[in-house]
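Generate the whole structure from the sequences, applying the supplied hints.
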Amino acid sequence: MSDALFDRLGGEAAVNAAVDIFYRKVLADDRISRFFDGVDMDKQAAKQKAFLTMAFGGPNNYTGEDMRKGHAHLVERGLNDSHFDAVVENLGATLKELGVADDLIGEVAAIAETTRNDVLGK
Amino acid sequence: MSKVLFEGQEYQCEPDESVLDCLIRQGVSVNYSCKAGVCQSCMMVAVEGEPTPTSQVGIKETLKAQNHFLICSCVPVTDMQVATPDRAGSSFDTTVLSRDKLSADVIQLRLARPENYDYLPGQFLNLTNDTGVTRSYSLASVPELDDFLELHIRHVPDGLVSSWVAEKLQTGDTVTISQAAGQCSYLPGREAQSLLLIGTGTGLAPLVGIVRDALQQRHSGPIHLYHGSSTPEGLYLVAELLAMDEANAVFHYHPCVSQGTPSQGMQPGRAADMALADFAQLSGWRVFLCGREDMVKTVQKKSFLAGASMQDIFADPFVDSAGAGATPPQYQSGF
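Chains as they are written, first to last, in our numbering: chain A, 1 to 122; chain B, 123 to 457.
Any given hint could be a false lead.
Label pairs and their in silico Cβ distance ranges [stated by the list, open to error]:
#, chain 1, residue 1, chain 2, residue 2, range
1, B, GLU368, A, GLU113, 58 to 66 Å
2, B, GLN188, A, GLU89, 42 to 50 Å
3, A, GLU65, B, LYS223, 56 to 64 Å
4, A, GLU65, B, GLU289, 50 to 58 Å
5, B, GLU136, A, PRO59, 33 to 41 Å
6, A, GLY38, B, GLY180, 16 to 24 Å
7, A, ASN80, B, ALA314, 44 to 52 Å
8, B, PRO354, A, LEU104, 56 to 64 Å
In the DSS-like style, the derived pairs of lysine-lysine whose C-alpha atoms are separated by at most 27 Å in a straight line are [to be verified]:
#, chain 1, residue 1, chain 2, residue 2
9, A, LYS47, B, LYS186
10, A, LYS69, B, LYS419
11, A, LYS25, B, LYS424
12, A, LYS25, B, LYS419
13, A, LYS49, B, LYS424
14, A, LYS47, A, LYS122
The hints are simulated quantities; they were obtained by calculation from the structure and are not laboratory data. Note that this is a predicted model, so its numbers are computed, not measured. Ideal Cβ positions, reconstructed from N, Cα and C, are used throughout, including at glycine.
Written out as structure tokens, the structure reads:
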């Protein structure tokens with residue numbers, strides 16, 4: 001288990017396999033779908049891919065400041081811990097569907113968790 | 123705050139202001155249309171300073187390499203010197219071959235295809251009228267099958283370009299068009315895939331081009347085309363499409379009428395509703411959506427939730443910039 005998480009998950013191919021499944025789950029989730037109303041879906045899919053790459057432990061340029069700026073308008077519309085939990089839940093379900101082992105899913109969830117305070121502007 | 127140097131004059135940008143808005147605000151006359159990074163009619167060259175990555179999305183690689191960018195989508199991060207691209211490289215003069223009515227308000231305009239004019243069926247071009255106003259129209263022709271360029275133009279009352287086409291333009295006239303642009307096209311490969319095409323109004327134009335292109339490239343999977351209008355009279359090319367349906371086993375034409383009594387053979391309801399009712403499971407399908415922006419965006423989401431991959435959904439919303447401030451509608455791809 002010395003390899004990087006990103007490689008153990010399968011690298012970019014894993015991200016590509018996950019992005020449609022994850023985005024579809026998020027859009028279909030009544031708890032959070034309203035935050036995606038009116039967005040440009042192609043741009044949003046690109047953002048989802050960047051997020052998954054980060055959460056999978058892959059290369060990324062995310063900073064806490066980006067996270068705050070990028071979600072500030074959603075926090076104004078009521079984005080809170082319950083919505084963040086729903087996204088992490090969808091992320092876990094996506095990986096489960098792709099047959100990823102539970103301990104790896106835990107590692108991904110832990111990385112996603114590190115963004116919580118920035119995303120929610122705390 | 124950045125400064126923009128254009129034709130020897132310096133203009134100060136406000137925070138978060140695009141190069142285009144900065145120039146418009148200060149009374150500079152520049153070419154633009156959709157203000158959404160789609161139509162590419164505001165393309166300029168950065169002589170000094172770096173264009174932002176967003177302002178180069180969708181631009182041909184060759185032009186990117188030459189620092190072309192879209193001034194509507196560029197909030198400058200440094201001072202910039204900008205210039206209009208060499209007109210010879212981006213626009214073509216051509217001749218009107220014919221102008222016919224396809225329905226009460228849709229005009230079929232055929233133009234001579236200039237030498238070296240490359241395009242993919244489903245792309246659009248910008249047509250400039252006699253006073254320099256530009257609108258985008260999708261191509262219904264196919265380069266391998268047609269030696270002309272075909273546009274379907276809805277005559278909008280008071281429309282600056284469509285009224286000019288309907289009332290002034292004559293066969294033999296010379297008109298100016300841009301290079302073709304846009305991502306909504308049939309790409310070869312995966313020829314057994316099922317195709318779903320949904321269009322409203324003159325959204326039929328790019329879809330007809332895509333269908334004919336897929337057929338001439340010997341697509342073997344089923345191709346379902348749904349064309350919608352509020353009334354039977356609003357549909358056009360019905361006889362031609364029925365004939366294509368007859369002649370090609372893989373092609374299926376579904377005319378849809380959302381109000382009033384549909385004629386025989388037409389489905390009663392909105393094209394998108396009919397299509398998604400007939401095909402509830404779109405996993406593995408390729409989907410093309412052209413027409414009104416609200417329809418295209420809604421159906422893009424529905425198609426994705428029905429299982430189509432984001433990579434396989436090609437959407438061409440006809441952007442109408444009315445309401446984007448005091449400027450008149452600058453971009454009406456046919457409606």
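If you draw a straight line from the CA of LYS69/A to the CA of LYS419/B, is it 27 Å or shorter? holds (25 Å)
Taking 58 to 66 Å as the hint, is the beta-carbon distance of GLU368/B and GLU113/A inside that range? holds (60 Å)
With the threshold set at 27 Å, check whether the alpha-carbon distance from LYS49/A to LYS424/B stays at or below it. holds (20 Å)
Is the gap between the beta carbons of GLN188/B and GLU89/A within 42 to 50 Å? holds (47 Å)
When you take the CB atoms of GLY38/A and GLY180/B, is the distance between them in 16 to 24 Å? Check passed, 20 Å falls within 16 to 24 Å.
Is 33 to 41 Å a correct range for the gap between the Cβ atoms of GLU136/B and PRO59/A? holds (35 Å)
Against the range 56 to 64 Å, how does the distance between the Cβ atoms of PRO354/B and LEU104/A compare: consistent or not? holds (57 Å)
Measure nothing beyond the straight line between the CA atoms of LYS25/A and LYS424/B; if it is 27 Å or shorter, mark the hint as holding. holds (13 Å)
Hinted pair, alpha-carbon criterion (27 Å max): LYS47/A, LYS186/B. Please report holds or violated. Given that 27 Å is the threshold and the Cα spacing comes to 22 Å, the pair holds.
Beta-carbon spacing of GLU65/A to LYS223/B - inside the hinted bounds 56 to 64 Å or not: 57 Å Cβ-Cβ, so the 56 to 64 Å window holds.
Go ahead and decide if the range 50 to 58 Å is satisfied by the Cβ distance of GLU65/A to GLU289/B. holds (55 Å)
Straight-line Cα separation of LYS25/A and LYS419/B no greater than 27 Å? Roughly 18 Å separates the two Cα atoms, so the pair holds.
In this structure, none of the earlier numbered hints is contradicted; all agree with it.
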